[in-house]
Amino acid sequence: MVEDEDIDLLLNDLFEIYGYDFTSYSRASLKRRIVRLCSLDKFPSFVELRYKVRSDPDYLKRFVEEITVNVTEMFRDPSFYKSLREDILPILGTKPFIRIWHAGCSTGEEVYSMAILLKEANLLKKSLLYATDLNPSVLEKVRKGIFPLNQIKQYSESYIASGGRLDFSTYYTANYGQAKFDQELSEKIIISTHNLVSDSSFNEFDLILCRNVLIYFDKDLQDRVLKLFDASLGTLGYLALGTKETLKFSAIQNKYKQLNREKIWKKIQ
Amino acid sequence: MLLIGGSAGSLEVLFKLLPMLDADLPFPLVIVLHRRSSGDSSLSDLLSTKTLIPTREVEDKDPIAATNLYLAPADYHLLIEKKQFFSLDDSEKINFSRPSIDVTFESASEIYKSGVVAILLSGANEDGTKGLLSIKKAGGRTAAQDPQTAQMQFMPHYAITHHAVDLILNIQQMAEFINQLE
Ligand SMILES: C[S@@+](CC[C@H](N)C(=O)[O-])C[C@H]1O[C@@H](n2cnc3c(N)ncnc32)[C@H](O)[C@@H]1O
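Note that the protein sequences, when read in sequence, are chains E and V. By the numbering used here, the letter at position 239 of the first sequence is numbered 239, and the numbering carries on one by one without gaps. For the numbering used here, count along the second sequence from 1 and bump the result up by 269.
So that you can see chain E by itself, here it is in the shape it has in the complex:
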């Protein structure tokens, strides 16, 4: 059993020693992750975990990787991608240049899905996709653009459900159980670590996707991050969140209008 006070101590260490601030993460979920890690790495008690984190900078890397949830997939929620295809890209296409930010992109399945949409809309050449995450290790996978082949059947079904008309296999080369996605897609992706808690705005974007990241933050941090997005969006830019996340009740909601049933908002002022 891990007590809340123990977690406070650990979070305090992380911040003071390493500058990582997890204090405003959703506590129920964070606690589950910490308990899970304790049992994964077979720490007899929480005290040992805390000691390891404090004294071993190498372990910190693992800690951050395991504490955050990196679950993702290509064309997750096909109806969302369908709406991007039909409602958003035609409008972005009228711009001379398109900048898209995937904040909390994890291993990049979302970014490659977007690159495929752009390619099919004939917009990839004039687009740049910024892929950022807190974890350097997931970003390494984005760079490689290699995903497990055993997922591809499902991805290809989702691709079709999102309105894709091509044979999905035209986008990758299969080799030893892995699918390597085309360089034409990856060369449009700019990769960088970025911590939504502590780093600031770094560009102006036409579309920001931050899906299934805010659920891990408490209300205050959500509000702060939404302000960061607001400051990073051009006028009439779009903000896309996960299916169960919302702008409602946030400090910026009055400046945005939700487009349809999908979680996509347009900045109207």
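Keep in mind the hints are simulated off the structure, nothing from the lab. We put the beta carbon where it would ideally sit given N, CA and C, even for glycine. Treat each hint with caution, since some may be false.
So, partial list: chain V residues that the calculated Cβ filter (under 10 Å) puts toward chain E [said to hold, decoys possible]:
| # | residue |
| --- | --- |
| 1 | F296 |
| 2 | Y345 |
| 3 | S356 |
| 4 | L357 |
| 5 | S360 |
| 6 | I380 |
Once you have looked at the hints, place chain V with the ligand on chain E.
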């Protein structure tokens, strides 16, 4: 807080149970069902046709209010935070399930301690038993659908044989039990 967890064969139970419940239950009712992962949010619409209790599929950070029925969304674990609100989590499946009944039951027992009552319905999976055990340990009360009346006996039966269950109820008894809770 009243929690109901179910898997295969439990939708039919809810269709019978919900119409028998008082519309003004003085506590929140939270339902966690295993469902196909394709986000069919029509399930909450369907449930709401069976009850006058205001029904809602949970979104992240929704406040928890009494006299409301909350349904865990497909593909997310449903957690309970201090200060009476929900949060969601898309971490690994537990017992091959997301949402997992164990996750919500354990989370509720941590926050509401002895103020939790949980019922486990029909299913073919081990999910729910660990959650019931932690609720019992925290002083809450637990019940399971009478396996004789369950389309899939395994899940309630598993909980009963692991000593996780105080009461074994058929649907009629479940309704009476819930309506007298405070
Ligand atoms: C569940 S994944 C979401 C992946 C993808 N957007 C999707 O919806 O499929 C959450 C990601 O958020 C990242 N993350 C968590 N906290 C973060 C922070 N403070 N700054 C940036 N990224 C963060 C995690 O490392 C993880 O890769």
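Hint check results:
1. F296: With a closest approach of 19 Å, the V:F296 hint is violated.
2. Y345: holds (6 Å)
3. S356: Status holds, d = 4 Å.
4. L357: Cβ of V:L357 sits 5 Å from chain E, so the hint holds.
5. S360: Holds, because the Cβ-Cβ distance from V:S360 to chain E comes to roughly 4 Å (cut-off 10 Å).
6. I380: The hint holds - V:I380 has a Cβ within 10 Å of chain E, the shortest such distance being about 8 Å.
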